[in-house]
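These protein sequences, in sequence, are chains A and B.
Just add 227 to wherever you are in the first sequence, counting from 1, and you've got my numbering.
Just add 2 to wherever you are in the second sequence, counting from 1, and you've got my numbering.
Hints may be right or wrong, so weigh each one.
[As the list claims (entries may be wrong)] Among chain A residues calculated to face chain B with C-beta under 8 Å, some are:
#	residue
1	Asn435
2	Ala436
3	Gln449
4	Tyr453
Keep in mind that the hints were calculated from the coordinates and are not lab data.
Quick caveat, the model's predicted, so the values are computed rather than measured.
We put the CB at the ideal spot given by N, CA and C, even for glycine.
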Amino acid sequence: MAVDARCRVRRAVARVLGLACVLFLTGCATANGPDPLAPMNRRFYAFNSATDRLIMSPVARAYKTVTPKPLRASLTNFFHNVAYPDVIVNDFLQGRLGQGVDDIGRFVVNSTIGLFGLFDVATPLGLKAHVEDAGLTLGRWGVGRGPYLVLPFVGPDTLRNTPSLVMGIFTNVLYYVGAPAVTVPLTVFDVINARANASASLRYVRENAVDKYVFTRDAYLQHRNYLQDGGHLPLKAVEQMMMPPGPAPAPPDPPPLADPAPRPRVVVTIPGRPDVAIRPPVPAG
Amino acid sequence: MTRQEAGRWMAGAWMAAAWLATVGVPAYAAQTGPAVAVVRHFQNTLIAVMKAGKPLGFKGRYGKLMPAVRKSHDVAYIAQLTLGPYWGRLTAAERHAFVHAFTKLTVVTYAAQFRRYSGQAFHRVASQMVAQRDVLVETELTTHGHKEATIDYLVAPTGGRWEIVNIVANGVSDLALKQAQYTAIIRKKGFPALLATLRAKVAQLSHGALKG
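Please put together the full structure from these sequences, using the hints given.
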């Protein structure tokens, strides 16, 4: 159904805000590499955090107070379902034909038997949800990740992933519903619901991170790598991490005392455990 | 293929399967079994602490988890890796102070996060040998039967014991996260600032009950 351009723009902005919130919430991991835009990113990160603290967090708290958990779960299912065509389109763009067919089945089942997506009846039938988007598609096509970005109102992102923001608008069912009286309130609900769902994750970051920006960046990038790999553990990266570190970069302060101990693991005592002061590696074979 | 040949082929396949079931699998299980047992025991402790979370209180949970973490994690080695190349620049006293604060923070974090039970359960999915004779134990965390996260443990043999050296949740490595944060703080502000930050975090998460 056609709508006038102003309404389209309004909805598009609202969808971006919705996506932003979701990304803001889910964003956290580094498989790192350099962060050339760190100074700008940190400023936007602070802006997003303040916006969340002053506006989104209180609104999400009030929303959780007045909506019972089953209703929130159903709304989450609904918003997930209306955005699901994005996954289907990207399945096919990546050449994952079988997964694409399964995802069409999932979308049809949840949209019909699941009452417009309010209930996820597809998962118990074996049609599990997948995560695909334009950024993952570009990655599969061999496009480099580009620099890490923090976008105002959107949150963690990478340059390669930015087309997802636009594609997510045009592949969302709500974009084609046409009546702003329906879509605008729904989009607002989508944003608030996503923020409410992310409360626990955000609280974890707030309570446990010693550098929230770095924590969020590394968690986000690691998780994106994981999704890029089809949800498989990046074993090589994990194994690499367990290898002894190389020499320290610059020596601004005291000169090195000794090379870092390699695999023979423990170098100092654990508090209260003098017995484990030195533990040689298990001999191979 | 004649029916007789097909029959022989099927019999061969069954025998191979039977051999794997009786010989191959236990041999593999013997390699990964001790590592799996360490993870399972630690997860059981977490669930037990969550179930008794309220009556135990923070200090009670901390008291139960400290020995469990020491028994199952190679905390000193993890601490060393989190500092990456900077570990080599620390004095023995600094290393000791860091491992002490890191151990406390690790346990305090568990005690703060796993404070109440609401239907959580851990399920083992698989285990496999990886590089350096380490074992990767793949598990899932569910709440009331719904999958919440994939949690993988890297377990390493040290001194005849198996100990957890890294935990990866949904592809996000706890060790990598800590390394990125800690080295960033050292780079900008130096090691004393990092130590002070960890100690402050211990005090914050324990609501002042513990000092770093």
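Going down the list of hints, with the structure as the test:
| no. | hint | result |
| --- | --- | --- |
| 1 | Asn435 | 6 Å, holds |
| 2 | Ala436 | 7 Å, holds |
| 3 | Gln449 | 5 Å, holds |
| 4 | Tyr453 | 2 Å, holds |
Hint compliance for this structure: every hint is met.
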